[in-house]
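The lines below spell out each chain.
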Amino acid sequence: MSASTTDDALAQVASDPDSVERHFAAAARVAAREGRDGDAAREALLLALPGRAAEVVTRLTHLYAHGDAAERRAVLLALPALDAPDRSSPIADAALPIVRDALRTNDTRLVTAAVGPYAAAHLDDDAWRQAVLKVLFTGIPVENVAGLAERADGELARMVGDYAAEREAAGRVVPPDARTVLALARSQHPPVTRPARAD
Amino acid sequence: MRIFDPHIHMTSRTTDDYQRMHAAGIRAVVEPSFWLGQPRTSLGSFCDYFDSLLGWEPFRASQYGIAHHATIGLNPKEANDARCREVLDVLPRYLAKDRVVAVGELGYDSMTPEEDAVFAAQLELAAEHELPALVHTPHRDKLAGTRRTLDVVSESALEPGAVLVDHLNEMTVGVVAESGAWMGFSVYPDTKMDEHRMVEILRRFGLDRMIVNSAADWGNSDPLKTVRVAEAMLAAGYTDDDVDRVLWRNPVEFFAQSGRLELPDTEAPELVGAGATFMGNSVLRGARD
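Here the protein sequences line up with chains A and B, keeping their order.
Counted the way numbering that gives the first Met the number 0 counts, the first sequence spans residues 0 to 198.
Counted the way numbering that gives the first Met the number 0 counts, the second sequence spans residues 0 to 288.
The set of hints was computed from the structure by calculation and includes no laboratory data.
The beta carbon of each residue, even a glycine, is placed where N, CA and C say it ideally should be.
Hints may contain errors.
To be verified - With the C-beta cut set under 7 Å, the calculated list includes, among others, these residues of chain A facing chain B: (1) Asp17; (2) Arg21; (3) Ala27; (4) Ala31.
Using the sequences provided together with the hints, build the complete structure.
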């Protein structure tokens with residue numbers, strides 16, 4: 000049913016991109032048998048997809064929509080590599096709907112994978128601040144947020160300050176990560192402005 | 000005591016249940032896809048259900064230190080509804096996923112021609128995907144339904160050892176024992192099977208190919224019934240090793256035929272207790288910073 004090795008799967012995907020769905024589903028099992036990392040194997044499969052960015056993003060979106068949690072997470076983790084400037088056709092901000100979907104879930108594995116360098120580079124300010132707040136709310140270690148020092152701004156400081164005040168008013172502990180974000184956000188002047196959401 | 004519940008519908012259970020299950024020694028479960036009490040009317044509601052069995056539910060279980068797996072299939076009740084038949088077309092996509100450890104629940108509800116066709120087609124899918132099959136036996140006309148189930152299995156490409164026939168009782172266990180298939184028992188508060196009758200069946204038929212589950216769902220059921228069977232076995236003079244065989248090693252051996260079980264190391268000391276967020280577990284294996 001599936002390719003017997005990761006290398007076979009990579010070669011097949013390069014010549015027959017329709018085969019990516021079944022190879023992507025089985026990739027972690029195949030990689031585990033070879034002593035390879037499943038996420039890395041899935042990233043390699045996505046990088047092997049031929050075609051221009053629009054075509055690649057269509058396939059990514061399909062794989063994400065049809066994926067189990069591990070496959071969705073692997074798509075999210077691969078976005079920075081698919082957007083690398085040395086690629087012939089980087090995906091740019093075209094995969095943002097996937098990031099937004101992951102940020103709507105309550106699955107911390109997906110939220111963690113969604114707040115990486117791709118979101119730091121492309122997500123609009125409002126959605127990015129909400130993502131940081133969600134990271135604090137769900138207890139994801141804040142070091143998973145890429146570009147925090149660069150993007151933290153006065154508005155994020157206000158939001159996290161309100162969150163800390165709400166916790167204090169309820170007699171609950173303010174997580175140390177909230178203090179970290181607050182300190183970073185308050186030290187950033189003036190705020191870096193990103194384009195408004197475009198997707 | 001480590002316990003594997005090979006048939007439990009966690010989607011219908013609360014996080015309190017997960018906590019109680021972990022505290023009682025349950026470390027792994029299989030959640031068979033089934034119907035939800037009210038008929039579904041479109042393919043999309045099945046896809047969302049299957050996606051949650053492979054996404055949200057394993058995540059929820061992992062937070063309580065329990066490894067969650069699923070079986071995927073079109074159940075016999077809804078096999079009779081033409082609006083649900085499209086599910087067969089999307090099954091190959093789901094049967095390729097990690098943590099899908101069998102095709103199921105399959106089998107008969109009212110033994111209609113539609114159920115015959117859907118059952119046989121899914122046994123074929125199981126063989127193609129190198130997966131075992133979990134087969135439910137009907138609540139009504141159970142013995143005839145069990146015999147017919149075994150006939151369909153024997154005509155399929157699956158070996159009897161790749162089939163678990165579930166919800167058995169005193170009337171149906173004998174024919175399944177002879178067939179070479181695995182025997183499943185759903186221990187309920189007041190229907191199907193109870194823990195004391197279960198021990199009697201083990202005494203009569205031995206421990207070979209015997210699998211016990213709670214089949215807990217949204218009805219009157221108890222997610223700790225596997226534990227109650229273990230206690231009843233010990234009270235009846237069975238050893239700890241016998242209990243481990245029926246309540247851990249047997250279901251592991253059956254579902255390991257899929258090559259897709261992801262079990263915790265039950266010998267290692269626990270790093271994280273029930274209720275804690277399970278950030279370091281196998282779900283995040285290969286996490287990169």
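Hints, verified against the model:
{"no.": "1", "hint": "Asp17", "in the structure": "violated (13 Å)"}
{"no.": "2", "hint": "Arg21", "in the structure": "holds (6 Å)"}
{"no.": "3", "hint": "Ala27", "in the structure": "holds (6 Å)"}
{"no.": "4", "hint": "Ala31", "in the structure": "violated (9 Å)"}
Consistency with the previously given hints fails for numbers 1, 4, ordered from lowest to highest.
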